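Protein chains in written order, with my numbering: chain V, 192 to 639; chain H, 192 to 639.
Calculated from the structure, these hints are not laboratory results.
Fair warning: there could be bad hints in the mix.
Identical copies go unnamed one by one, so any copy, or any two together, can satisfy a pair.
Below, in silico cross-link-like pairs of lysine-lysine (DSS-like), each with a Cα-Cα straight-line distance of 25 Å or less [to be verified]:
no.	residue 1	residue 2
1	LYS620	LYS227
2	LYS291	LYS352
3	LYS287	LYS347
4	LYS639	LYS245
5	LYS639	LYS227
6	LYS624	LYS611
7	LYS280	LYS620
8	LYS417	LYS491
9	LYS245	LYS563
10	LYS245	LYS232
11	LYS606	LYS563
This one's a predicted model, so the numbers in the text were calculated from it and none came from an experiment.
Chain residues, written in single-letter form:
Number of protein chains: 2
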Amino acid sequence: MEFLIENGTIISMGKNGIIRQGSVVIERDEIVDLGKADYIKHKYPRGYERIDAKNKVVIPGLINTHHHAAMSLLRGYADDYPLQEWLEKWIWPLEKHMSKHDIYVGALLTAVESIMSGTTTVNSMYHYFPEENEAKAFSEIGLRGVIGHVCFSWRKDEDKKALEDLARNWHGQANGLIRVSVDPHAPYTVDPDYMVELKQIKDELNMKYGSSENPIIWHIHVAETKDEKEKIRQAFGINLKNGIFSYLNSLNVLGKDVLAAHCVWLNDEDIAIIKERNVKVSHNPVSNLKLASGISPIPKLLKAGATVSLGTDSACSNNSPDIFETMKVTALLHKGVNLDPTVMNAEQVLRMATIDGAKALCWEKEIGSIEKGKKADIVIIDFNKPHLCPIYNEISHLVYSVKSADVETVFINGKLVMEKRTIKTVNVKEVMKKAEKCRERLLRIVGK
Amino acid sequence: MEFLIENGTIISMGKNGIIRQGSVVIERDEIVDLGKADYIKHKYPRGYERIDAKNKVVIPGLINTHHHAAMSLLRGYADDYPLQEWLEKWIWPLEKHMSKHDIYVGALLTAVESIMSGTTTVNSMYHYFPEENEAKAFSEIGLRGVIGHVCFSWRKDEDKKALEDLARNWHGQANGLIRVSVDPHAPYTVDPDYMVELKQIKDELNMKYGSSENPIIWHIHVAETKDEKEKIRQAFGINLKNGIFSYLNSLNVLGKDVLAAHCVWLNDEDIAIIKERNVKVSHNPVSNLKLASGISPIPKLLKAGATVSLGTDSACSNNSPDIFETMKVTALLHKGVNLDPTVMNAEQVLRMATIDGAKALCWEKEIGSIEKGKKADIVIIDFNKPHLCPIYNEISHLVYSVKSADVETVFINGKLVMEKRTIKTVNVKEVMKKAEKCRERLLRIVGK
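Okay, chain V solo, but in the shape it has when bound:
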């Protein structure tokens, strides 16, 4: 299908800047042209399904760089408890009964709500099973994703099998919609030998299934809570004198294809290492606040020149994969805690959610901005709403005023996946019914 999005305000987040009364031309999975509406109309007078974007703002699809897609099934199951009680009494006892079918259904639900809130790429860390999994769910609904398998020291053999299977079956599949990652859970659940081995596994899988243009990345939780060094000591008897990144650096596992989620408890040396090794950061402010983990020093990371992207974390700790909300919370939070309104502006935050999100996933050659030759991941937002009136500055509105429900139409990989808020690829009511059934089964098992 060929599309022509006409007469919108294009916020390209790339070299084309902002094009007012602009148009974008889509052929197959690709953006083949963009420019002033008059010019495009003249150049492409016939053909193409024309999408009217008058009074609308057209942006690259948002990128969520940290999620556990399956866990949408646990949204609202338990909140506001102390962390250990929350995990040990609530989340883990239910989660351990999650079947591969639950994982698939949870990921379907996350895919639907992500698209409906303008997100076109989700990086998800969860348990991989061959038959039913998050990659299957995302590809069926047409959401772009990086699907990881999370690894723990206590199940090395199982992990290695899962990683090989995941990479072989899914990396670069579904017309390039799906990529995969190797996901050590965290420095306190993956021992140093296994950590090194998982780096080697990632490199080997890249040789077999990846390429420099299409890499299998490494996705890990780092420095989420204040007591992480103590947890490492308890788990492996290792006493860290310096920060967690110094430790990971000493294992020689860091590099530009490493995405570190959270990065809340960092010292200056950690920040220098992140920059030096070009490690990518996924900032998850909503989850970090809700779980009372703390506040990541994002202004320092930005000052150091690190690549910072945005994640929502799972529906257990957020409870919605809404990158518009995450953009606003990010822009607000660091101003407030630093008592300085200039620590980051709206445009920087929008970069985190688009082009810097793409860089975080090593996918910036194909996504993250509206540019000729990139994949057509495009979101059209209706600005003709009272809460977006009057209009002085579209970028201010995108970060501070737009709500996820203002997202009207979404293209992913050139495919129209949502039109005027109707998902075109799946029956949403059926997905919701399935999710409710999974919830009922899980509650029955735990006797609640």
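Chain V is already provided as a structure; the job is to place chain H on it using the hints.
Same frame as chain V, now just chain H:
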């Protein structure tokens, strides 16, 4: 008109608790009955316009206790600047040209977006003019409000005239929809003599136009920024040894009809005075973060037993009067900065936005909960959405997952003001056109 809202989950926030498969009966402006759907159906078999609330959640209308409604016209005009530059180079130069027509139009816009996001009462502090004003705008659209006139030392005569006119013309008017308030701007812009005089004026206006059931309240900004004591010293040569509330208490102006907005920089003595004098707090976390004012010690205020309500502040510093968003930010922020997820739970936050908001405005006899005999300010929320699936706990969803666009139908004072997201009382497109015209005129004047 008489309405029967049927078969919903009623979160009453009052003595009825949560009623599943419940119904609410509305006659004139009042809630005349509520209970299980079967019982209500049997008791009221005929008549009434029936509103189906199956799969929906019915809550008392949300209450926004601090706003400057007219300033929605400046939404997105300037963000991310240092506070003084923002005020002196951007906001004030534009704001001084705001005409009474602009104020009226800005308040129309705020009224529309408030209703569309489930807010049924807004407390607004702005400049009052007799012919066109916020009270006129709110009453035309059917939004309940407390309308104040903001007072400064430099315009005492003008203020006193405005206050008398506002109280005489509007207090208790529009079928009881509108109440008024006396609004000293802040302790650094209102000298101590005028502060005392404004308390007397409030008491006198209450004798003439108010009653204990229907009081004219006092609405003031207090302790918003760290340098407030220094500003008081510079303005009036007063050196405060203790906190701002100690100062106000020494003037004998505090009491249960005082609503203090912001309350960011408080010491323990301030908190004790707030509790002792039963001063009401309006917490504005989004604005406090965006302007980098700081973070109010809400957990300490709650622990002391103070009444804490929620406000959005104006669209200049927020940029949307969305109390759902403010609830989530409130629930998140204090967990994160205190590294403690138990400092407040979802239900406490929902109280702040409903019944405690009503208490903050001394209006709890009539609004803030769904109870027999109270005014029918009721919001129906569609829970049949992917991002609200599955459902374990409605109150968790209301605080952490519901988006303002999920609000479907709104009653205020028994009147159906929004039905299935269509505002019934005004042509919304016309309001938006008017707001754009005001923006164009203001930009022309300042030459931008």
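Hint-by-hint comparison with the structure:
Taking CA atoms no more than 25 Å apart as the test, LYS620 paired with LYS227 passes in neither setting, with 39 Å inside one copy and 27 Å between copies. For the homomeric pair LYS291 and LYS352, the shortest alpha-carbon distance inside one copy (16 Å) is at most 25 Å, but the shortest distance between copies (71 Å) is not. Taking the shortest Cα distances, LYS287 and LYS347 sit within 25 Å of each other inside one copy (18 Å), while across copies they are farther apart (68 Å). For a Cα distance limit of 25 Å, the shortest separation of LYS639 from LYS245 across copies, 24 Å, qualifies, whereas the shortest one inside one copy, 51 Å, does not.
Taking the closest pair of Cα atoms, LYS639 and LYS227 come within 25 Å of each other only across two copies (24 Å); inside a single copy the shortest separation is 58 Å, beyond that limit. Taking the shortest Cα distances, LYS624 and LYS611 sit within 25 Å of each other both inside one copy (22 Å) and across copies (23 Å). With identical chains, the CA atoms of LYS280 and LYS620 are never at most 25 Å apart, being 31 Å at best within one copy and 51 Å at best between copies. For a Cα distance limit of 25 Å, the shortest separation of LYS417 from LYS491 qualifies both inside one copy, at 18 Å, and across copies, at 23 Å.
Proximity of LYS245 and LYS563 under a CA criterion of 25 Å is satisfied intra-copy only: 21 Å inside one chain copy versus 48 Å between copies. Taking the closest pair of Cα atoms, LYS245 and LYS232 come within 25 Å of each other only inside a single copy of the chain (14 Å); across copies the shortest separation is 48 Å, beyond that limit. Taking the shortest Cα distances, LYS606 and LYS563 sit within 25 Å of each other inside one copy (16 Å), while across copies they are farther apart (52 Å).
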